[in-house]
Amino acid sequence: MGVQRTGRARRQPGGDVDRFRTRRLREFRLTEPSERGYRNFLSLDAIVAEARAVADADGLDAVSMRALADRLGCTPRALYRHVSDKEEVLELLADRALADVSVPSPRLAWQAALLEFFTGMYELLVASPAVAKIIAQQAVAGSQFRSHADHLVGVLLDAGFPPDVAVEAIVALAQFTLGASLPGTGQRLHDIYRARLPSIDQEAVPALPLIAQHFGNDDAGGRFRTALRRLIHAYEGL
Numbered sequence: 496m497g498v499q500r501t502g503r504a505r506r507q508p509g510g511d512v513d514r515f516r517t518r519r520l521r522e523f524r525l526t527e528p529s530e531r532g533y534r535n536f537l538s539l540d541a542i543v544a545e546a547r548a549v550a551d552a553d554g555l556d557a558v559s560m561r562a563l564a565d566r567l568g569c570t571p572r573a574l575y576r577h578v579s580d581k582e583e584v585l586e587l588l589a590d591r592a593l594a595d596v597s598v599p600s601p602r603l604a605w606q607a608a609l610l611e612f613f614t615g616m617y618e619l620l621v622a623s624p625a626v627a628k629i630i631a632q633q634a635v636a637g638s639q640f641r642s643h644a645d646h647l648v649g650v651l652l653d654a655g656f657p658p659d660v661a662v663e664a665i666v667a668l669a670q671f672t673l674g675a676s677l678p679g680t681g682q683r684l685h686d687i688y689r690a691r692l693p694s695i696d697q698e699a700v701p702a703l704p705l706i707a708q709h710f711g712n713d714d715a716g717g718r719f720r721t722a723l724r725r726l727i728h729a730y731e732g733l
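496 is the number of the first residue of the sequence shown in this note's numbering; add one for each residue after it.
There's no promise every hint is true.
Said to hold, decoys possible - Computed list of lysine to aspartate or glutamate pairs in DMTMM-like fashion (alpha-carbon distance at most 20 Å, straight line):
id, residue 1, residue 2
1, Lys581, Asp553
2, Lys581, Asp540
3, Lys581, Asp556
4, Lys581, Asp551
5, Lys581, Glu545
6, Lys581, Asp565
Said to hold, decoys possible - Pair by pair, the computed Cβ-Cβ distance ranges are:
id, residue 1, residue 2, range
7, Ala541, Arg724, 23 to 29 Å
8, Asp696, Gly568, 56 to 62 Å
9, Ser642, Ala722, 24 to 30 Å
10, Arg602, Ala562, 19 to 25 Å
11, Pro571, Val660, 45 to 51 Å
12, Gly674, Glu611, 16 to 22 Å
In case anyone wonders, no lab produced these hints; they're calculated from the structure. Using N, Cα and C, we set each Cβ at its ideal position, and we do this for glycine too.
All chains, full assembly: derive it from the sequences and hints.
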């Protein structure tokens, strides 16, 4: 009598192994050649950079997964290997844009450091309205945001501010800067007001000539910087 062999029975054709192989083959065939080739060099950096280029050129509404895939020469499915959805792309776009704002020198006084940083932030948001719109509409809390927030609050803590006041000041200055940079608050609106105010009945609204003079003597950026200095000054002595 021969020795009986024990162990795992060999799977028969049509079993789990064959079904798995068939499914994998079908998935591979369904994957377009452009996706199979592109996945090797498609990167998150490329996706975010392309999204910002689209947003700056054509506006935020033009950014879609399909549009990005078309510009990058891949399928939308390939993008989802790197990001979960459009909202994540937009958050990454805004967060990485904040890297364009320089970190103030530690040698500066806290007032000068805040003035320099938030002026730089204002200039970024005015130049890239899409970034301002993203920050106004959804939470942005990536690595650049965290780094800037940590540095700015640290500047005030080192200057002797209580923690709650330090955080309050940075949040207030950031909100003011964002609001001043949004479309409808910038130079275009400034020019419209300056053109229209002289035609208003000054007897009916006697304070408006002062507003017209204000718009006529300064530009949107100048008004922002003046108000920013006053806000920073308000925290002195606290």
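Now the hints, each set against the structure:
1. Under the criterion of a C-alpha separation no larger than 20 Å, the hint pairing lysine 581 with aspartate 553 is consistent with the structure, at around 16 Å.
2. Proposed proximity of lysine 581 and aspartate 540 is supported: the alpha carbons are some 15 Å apart, at most 20 Å.
3. Pair hint lysine 581 plus aspartate 556 holds up; C-alpha atoms about 11 Å apart against a cutoff of 20 Å.
4. Of the pairs offered as hints, the one joining lysine 581 and aspartate 551 holds, with about 16 Å between alpha carbons and a cut-off of 20 Å not exceeded.
5. At roughly 13 Å between alpha-carbon atoms, lysine 581 and glutamate 545 fall within 20 Å of each other, so this suggested pair holds.
6. For the given pair, lysine 581 sits about 15 Å from aspartate 565 by alpha-carbon distance, which is consistent with the 20 Å threshold.
7. At about 40 Å, the beta-carbon gap between alanine 541 and arginine 724 misses the expected band of 23 to 29 Å.
8. Distance hint check for aspartate 696 and glycine 568: the Cβ-Cβ separation is about 60 Å, which falls inside the suggested range of 56 to 62 Å.
9. Checked against the hint of 24 to 30 Å, the pair serine 642 and alanine 722 passes, with Cβ atoms roughly 26 Å apart.
10. Between arginine 602 and alanine 562 the C-beta distance comes to about 45 Å, which lies outside the given range of 19 to 25 Å.
11. Our hint of 45 to 51 Å for proline 571 and valine 660 holds, since their Cβ atoms are close to 47 Å apart.
12. Checked against the hint of 16 to 22 Å, the pair glycine 674 and glutamate 611 passes, with Cβ atoms roughly 19 Å apart.
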